[in-house]
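Work out the full structure: start from the sequences and follow the hints.
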Amino acid sequence: MKRIKHNHGEGVRIDYYAYASHIKHWNATFKVFFSLVIMVICIAFNNPYVSTVVIVAMAYITIVKGQLPLSEYLRVLAIPTTFILLSVVAIIFDFSKEPMGLYHFPVGLGYFYTSKAMLKTGLYLTLKVFAAISALQMMTLSTPFSEIISVMRKAHVPKLVIELMNMIYRYIFILLEVSTKMKNAADSRLGNCDFKTSCSTFGSIGANLLVISMRKANAYYDAMESRCYDGDFLFYEEDRAVDKNLIMKAALFIVILIIIGCYTRL
Amino acid sequence: MKKTILKVENLHYAYWNGKVALNDVSVDIREGEKIAVMGSNGSGKSTFFLNINGVFAPERGKITYRETLVTKKNLKELRKNIGIVFQDADNQIVASTVRAEVGFGPMNLKLPMQEVHERVEESLAYMNITDFKDRPPHYLSGGEKKRVSIASILAMRPEMIIFDEPTAALDPLNATMLEDVLAKLGNVGKTILLSTHDVDLAYRWAERVLVFSAGEIIADGTPLDIFRDQQILEKANLKKPMMLEVYEMLVKKKLLEDSAEYPKTTQAFNKLLDDHVVFLGDLA
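Protein chains in written order, with UniProt numbering: chain A, 1 to 266; chain B, 1 to 284.
Bear in mind the hints are in silico, worked out from the structure with no lab data behind them.
Don't be surprised by glycine CBs; every beta carbon is placed ideally from N, CA and C.
Among the hints, erroneous ones may be present.
[To be verified] Just some of the chain A residues that point at chain B, by a computed CB distance under 7 Å:
no. : residue
1   : H156
2   : R170
3   : F173
4   : C228
5   : Y229
6   : L234
Structure, rendered in structure tokens:
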């Protein structure tokens, strides 16, 4: 039987995995900085061995430690893959009037060609990008967004940005829910029966969403004021203990990466 | 006589479009009272709540909290001591985790972190939601959201708690949970204002009933006085509580002696029937 289409976007899915992750209890600051350091190392070394080790290690952390099913991990990883592959194609192929390079094939007036060096660049680049992405993915698939915001707050990101992020994160789900409900209500009354009707239904839902957002904004403001809100979003958060063992392991991993990077310099 | 917490005098409030929402409302609320606020949709209940919480500023009229007249300067004191649990929990939850939401009020009170921590843990335990303190609100069910919104008010330790139609959209299990919470809060002497359309709930829970109609309080008295007054019920479009109606019918048909006991729950009714078994036996 065909699975019923999930009508939330991939973003909602990632959000859910972060809450379900078994390494959620790791200190958020640790996870964010670990993944950023790994990413910087990948980019700085530009070394296929380092990149491969990172890809494998990050997948291990997310899938084995975090208990995310492999299929779901690949699905999330597939989102940026299309973009990466398309840009790599543009890098490894060039165009010339004469047949040249290692491989070439004619197109119209000239030839698409590629050389060993170009293929190598392409491969290294792909590995590097995937390594950097999997490092970030490790973070996003194991750290709830509210905790990422709290790390940013500790890193002294401007208050305005932090408050906006907090609010957007909360309300995006409310907006999604309201719009899904309206869409279902429209569907149940044949609001999407043909293209023309769909267009006008889409317009009405959009207009209604705006009105509802305004009304909800008022209601929220009342609820906040009644709890003594006076202009500053103050949220209570609890720090998770930093596991010393974990930091040692992370440091060891980074040292190993640097050693690999130095010994296999290409 | 218990001390008056809140004294409302000649409150008048109109919306921006000129629609009068509250007209000359005066009421005294005393310590430890359990008040049900009734009235049809748009009769001014919610506007009244937001006024006595200092969120809306009344056009005319005075609000006195504990012998201090409420002005712009001491509004915060009013908001701190009177908490509102809003009707729609989704319209109240602003934070992105349960813990942050419950801590929102205490944080705004600028309490020391240790105190915030204690209050949050206490409220979470009180509402039995400690297990999902790290969860974001969009992964909670309706009943759980309600509990979170109540916990977030309890964490501020207000003297008086206002529940705006708390039983709306709750399943029977969660409605029972809510009544347990109401009973628990009542036992420790918290003053509670509760608006509801459920006459049965108002009849069995409240000690005092306020009836709103078209922006005015048309009746203020004990549940018995209010619900036996046909005129008020008609004016406010209220129904008679089922227990009261059944009791009156039985008395009218002379199946029960008019002992003026007025049972409010089925258990009390059952006991009453047991006590009057002879009277019922006469029928046979």
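Hints and how they fare:
For H156/A, the interface hint is violated, since its Cβ never comes within 7 Å of a Cβ in chain B; the closest pair sits about 19 Å apart. Given hint, R170/A at the interface with chain B, holds; its Cβ is 5 Å from that chain's nearest Cβ, closer than 7 Å. Satisfaction of the interface hint for F173/A is found here, the shortest Cβ-Cβ separation to chain B being roughly 4 Å, below the 7 Å cut-off. Because the closest C-beta pair between C228/A and chain B is about 4 Å apart, less than 7 Å, the hint holds.
Residue-level restraint check for Y229/A holds (minimum Cβ-Cβ distance to chain B is 6 Å; threshold 7 Å). For L234/A, the interface hint holds, the least distance from its beta-carbon to any beta-carbon of chain B being 4 Å, beneath 7 Å.
In this structure, only the earlier hint numbered 1 is contradicted, and the remaining ones agree with it.
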